[in-house]
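Q: Residues per chain, in single letters:
Number of protein chains: 2
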Amino acid sequence: MPCPLCNLDARPADDIVWQFPHSVALLGPWQYYTGYCILVSRTHAVELFHLPDEVRTAFLEEMTTLTRAIADAFSPRKLNCELLGNQVPHLHWHLFPRGADDPDTLKAVWLALDRADRDESEKKRLQTSALPRSEIVARLRTKLKEMKASEPEA
Amino acid sequence: MPCPLCNLDARPADDIVWQFPHSVALLGPWQYYTGYCILVSRTHAVELFHLPDEVRTAFLEEMTTLTRAIADAFSPRKLNCELLGNQVPHLHWHLFPRGADDPDTLKAVWLALDRADRDESEKKRLQTSALPRSEIVARLRTKLKEMKASEPEA
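Residue numbers (the working numbering), protein chains in the order written: chain P, 134 to 287; chain H, 134 to 287.
Don't take every hint at face value.
For identical chains, the list gives no copy identity; a pair is met inside one copy or between any two copies.
[Said to hold, decoys possible] Derived lysine-lysine pairs resembling DSSO-like cross-links, with alpha carbons at most 27 angstroms apart:
id	residue 1	residue 2
1	LYS276	LYS211
2	LYS257	LYS278
3	LYS257	LYS211
4	LYS281	LYS256
5	LYS281	LYS257
6	LYS278	LYS256
Source of the hints: derived by calculation from the structure; they are not laboratory data.
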């Protein structure tokens with residue numbers, strides 16, 4: 134089976150938040166966590182230590198830049214940065230902003246997302262933000278532009 | 134309340150795996166994930182982008198070094214690297230090696246750890262490795278020494 138994260142061109146362009154030199158930021162499905170992004174490495178690698186040093190450093194700086202943009206745009210109480218890859222072993226970060234009004238704010242998101250697997254109304258709740266997806270993408274892009282985050286074809 | 138991760142001297146010395154220049158590696162409680170470490174920043178900061186650039190780069194390199202040592206020592210199918218801080222907002226990484234024989238290997242660990250909160254036998258299972266804790270620490274230190282990971286008082 135081809136790696137689903139090696140084929141980002143198949144993604145809807147609307148979901149692409151930012152093209153970094155070493156990674157691509159996608160707006161994730163769970164926008165109850167308003168600003169939730171998935172940051173995908175352009176290089177196919179399974180673990181961070183498989184990347185050449187300078188590529189890894191740049192990739193991690195891009196991750197940090199994106200977390201700052203999410204924080205600036207949506208003022209969460211905390212960012213959760215998770216590199217798992219248990220199902221898709223191609224380096225990608227789940228960047229979840231956690232709100233103070235989330236009743237599960239002290240726990241990892243995966244408990245709620247597991248409920249969403251079995252419960253359609255919970256799924257809908259966790260996919261839905263007070264803002265439309267296009268507005269979330271626009272706010273993130275504005276912050277990234279203000280930060281002058283480098284784009285490959287800027 | 135004082136920050137519990139600003140007071141690492143109170144930790145049992147046996148649990149300290151490695152002293153890096155910018156972080157301290159502790160052996161975590163859940164050794165069903167054999168080699169599970171918590172890597173604590175020496176600087177008190179809530180988000181990665183609050184660290185000075187050169188400190189953050191070094192902290193993230195130390196995290197990568199530790200994941201490589203865990204992988205070399207215990208050959209997991211995947212590393213999970215998680216910076217959450219929902220309960221303790223002082224930068225620290227949860228580094229979980231995931232085994233192929235874990236029935237929950239496709240999911241984040243937090244579902245199993247949530248069960249352990251309510252179920253004493255599940256808690257015991259997830260705290261227990263086939264190896265004693267002292268042996269796990271010894272194997273990680275051997276790998277880190279081989280990698281010549283820098284220590285502040287090397």
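Q: Against this structure, judge whether each hint is valid.
A: Status of each hint after checking the structure:
Taking the shortest Cα distances, LYS276 and LYS211 sit within 27 angstroms of each other inside one copy (18 angstroms), while across copies they are farther apart (33 angstroms). In this assembly of identical chains, the alpha carbons of LYS257 and LYS278 never lie at most 27 angstroms apart, being 31 angstroms within a copy and 49 angstroms across copies at closest. For the homomeric pair LYS257 and LYS211, the shortest alpha-carbon distance inside one copy (23 angstroms) is at most 27 angstroms, but the shortest distance between copies (30 angstroms) is not. In this assembly of identical chains, the alpha carbons of LYS281 and LYS256 never lie at most 27 angstroms apart, being 35 angstroms within a copy and 47 angstroms across copies at closest.
Within a single copy, LYS281 and LYS257 get their C-alpha atoms no closer than 34 angstroms, and across copies no closer than 50 angstroms, so neither meets the 27 angstroms cut-off. When the C-alpha separation of LYS278 and LYS256 is checked against a cutoff of 27 angstroms, the pair qualifies neither within a copy, at 32 angstroms, nor between copies, at 47 angstroms.
Comparing the model with each numbered hint stated earlier shows that hints 2, 4, 5 and 6 do not hold.
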